[in-house]
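Visitor: Spelled out, the chains give:
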Amino acid sequence: MHVASYIICHVTVIFWYLLSLNKKPYSIVAHIQFEQILENNKTKIFRICRIYAVTPLQPEDLFQEVVYQIWKSLSNFQGNSSIDTWVYRITLNVCMRSKLKLERDAFKTTRFEGIEFKISENNAIPEEERYLYLKQCIAELNEADTSIIVLYLEALSYKEIASITGLTENHVAVKMKRIRKKLFECINAKTR
Amino acid sequence: MEDQELKNIWKRASEYQEITMDTQQLIRQFKTGMEQREQIVRRRDLREISTALVCIAGLSYMAFDFLWSPVTIGILITIGAFVNFIYTLRSNRKSKFTQRLFVPIKKQLEQQRLFMRNQSKLLCTVLYWAVLPIFSGYMMIVWSIWDIENYDVSSLIKLLYPNDIRDKMIMTVMVLASVSYMVWINKKAARVNWEPLINKIDVIINEMENER
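Chains as they are written, first to last, in my numbering: chain A, -6 to 185; chain B, 193 to 404.
One thing to keep in mind: the hints can contain errors.
What the hints assert, rightly or not - Straight-line alpha carbon distances no greater than 27 Å define the calculated DSSO-like cross-link-like pairs of lysine-lysine that follow:
no.: 1; chain 1: B; residue 1: Lys380; chain 2: A; residue 2: Lys92
no.: 2; chain 1: A; residue 1: Lys152; chain 2: B; residue 2: Lys379
no.: 3; chain 1: A; residue 1: Lys65; chain 2: B; residue 2: Lys380
no.: 4; chain 1: A; residue 1: Lys35; chain 2: A; residue 2: Lys111
no.: 5; chain 1: A; residue 1: Lys183; chain 2: A; residue 2: Lys37
no.: 6; chain 1: A; residue 1: Lys92; chain 2: B; residue 2: Lys313
no.: 7; chain 1: B; residue 1: Lys392; chain 2: A; residue 2: Lys128
no.: 8; chain 1: A; residue 1: Lys92; chain 2: B; residue 2: Lys203
no.: 9; chain 1: B; residue 1: Lys392; chain 2: A; residue 2: Lys175
no.: 10; chain 1: B; residue 1: Lys299; chain 2: A; residue 2: Lys35
no.: 11; chain 1: A; residue 1: Lys37; chain 2: B; residue 2: Lys203
no.: 12; chain 1: A; residue 1: Lys35; chain 2: B; residue 2: Lys199
no.: 13; chain 1: B; residue 1: Lys199; chain 2: A; residue 2: Lys37
no.: 14; chain 1: B; residue 1: Lys379; chain 2: A; residue 2: Lys94
no.: 15; chain 1: B; residue 1: Lys313; chain 2: B; residue 2: Lys203
no.: 16; chain 1: B; residue 1: Lys203; chain 2: A; residue 2: Lys170
no.: 17; chain 1: B; residue 1: Lys199; chain 2: A; residue 2: Lys183
no.: 18; chain 1: A; residue 1: Lys65; chain 2: B; residue 2: Lys223
no.: 19; chain 1: A; residue 1: Lys170; chain 2: B; residue 2: Lys199
no.: 20; chain 1: A; residue 1: Lys183; chain 2: A; residue 2: Lys65
no.: 21; chain 1: A; residue 1: Lys111; chain 2: A; residue 2: Lys65
no.: 22; chain 1: A; residue 1: Lys92; chain 2: B; residue 2: Lys199
no.: 23; chain 1: B; residue 1: Lys298; chain 2: B; residue 2: Lys199
no.: 24; chain 1: A; residue 1: Lys152; chain 2: B; residue 2: Lys313
Claimed, not checked - Which chain B residues stay away from chain A? Per the calculated CB distances, all over 12 Å, these:
no.: 25; residue: Gln221
no.: 26; residue: Arg235
no.: 27; residue: Val246
no.: 28; residue: Ser283
no.: 29; residue: Leu301
no.: 30; residue: Ser336
no.: 31; residue: Ser372
Simulated from the structure, these hints should not be mistaken for lab results. Being a predicted model, the structure only gives us computed values, none of them experimental. For every residue, glycine included, the Cβ atom is placed at its ideal position computed from N, Cα and C.
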């Protein structure tokens, strides 16, 4: 009886040890990087969030969710892509997923006090009228085209857009030609 | 309007709003938020497991009372169905792949679609993996004995057991009504919650794949 319980204890300990080997250690480096990543990417994340935010979803809510998901995913960053590509992927995936959740009435958020949004004092003129036209015209595009055009407006190359969307570079180029035409027609009609 | 002009308008838009972040405070809040989310999952797990254990314990007690009678087979089927029910629910929880938000958009959409299809399938087939096994086990318990007074079982079981045809019929109709409702509500959930989203994701993936 004693021998049996002794063996069971040892087998259990070895089993848990083997299980723990599969878990990734918490990366301290990743933790330190978090602040840097946010500082470098916060404006671009917010720009994209503003496009995907549709009532009652606020850009601030989306931004918070993206920041939270970046923090959660940081230990999984393996350097296979650039940090910018990684951030863009998370941002667009969160924005698209949140819109889908909204349709299911499942998007819930709580505001974090660690993030503060305020109107810039340096900017005398509120928002450019042309930006509003651009936003309206992007809203007329479908979901797939929206994700491609925001990356294009972020001045990314077709190669980078392909890596973020999961399409081929050629495919992105073909699509961009059509999207750009549609977008310019829409903006020109509004500015005329 | 030129391409560059459009990109400038886009970039200037972020100058309108300033974002300040207290990272330390944010991390503290994230950790608390994550703990809360995990606690919700832990509580739900505990609820499900304790319910199953109570049912299994009650049924095992009955099985012990009815030892080697036709009811025992019914009880064993019902216990097995309960265990399978809990296992199926737990193994179909939110896929870890849908949480991988750092993969390319198309891949993430495909993973979400796969998860949603599985959820929808699970709801639509609830009749086969949950309702039928539990129902058949239960019916075996109800219809296999007609002389409960001849069994050496506790007075509580004797009191609750439907011994004549009228009681057995009433019990069967009631169980049938509740399992029919269960099947209907699950099919409705699949139709209302998951199918529109699956269709929406199908559309987005098609838009991405198509050249036009």
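Visitor: Hint by hint, where does the structure go against what was stated? Just the numbers, ascending.
Guide: 2, 3, 15, 20, 24, 25, 29
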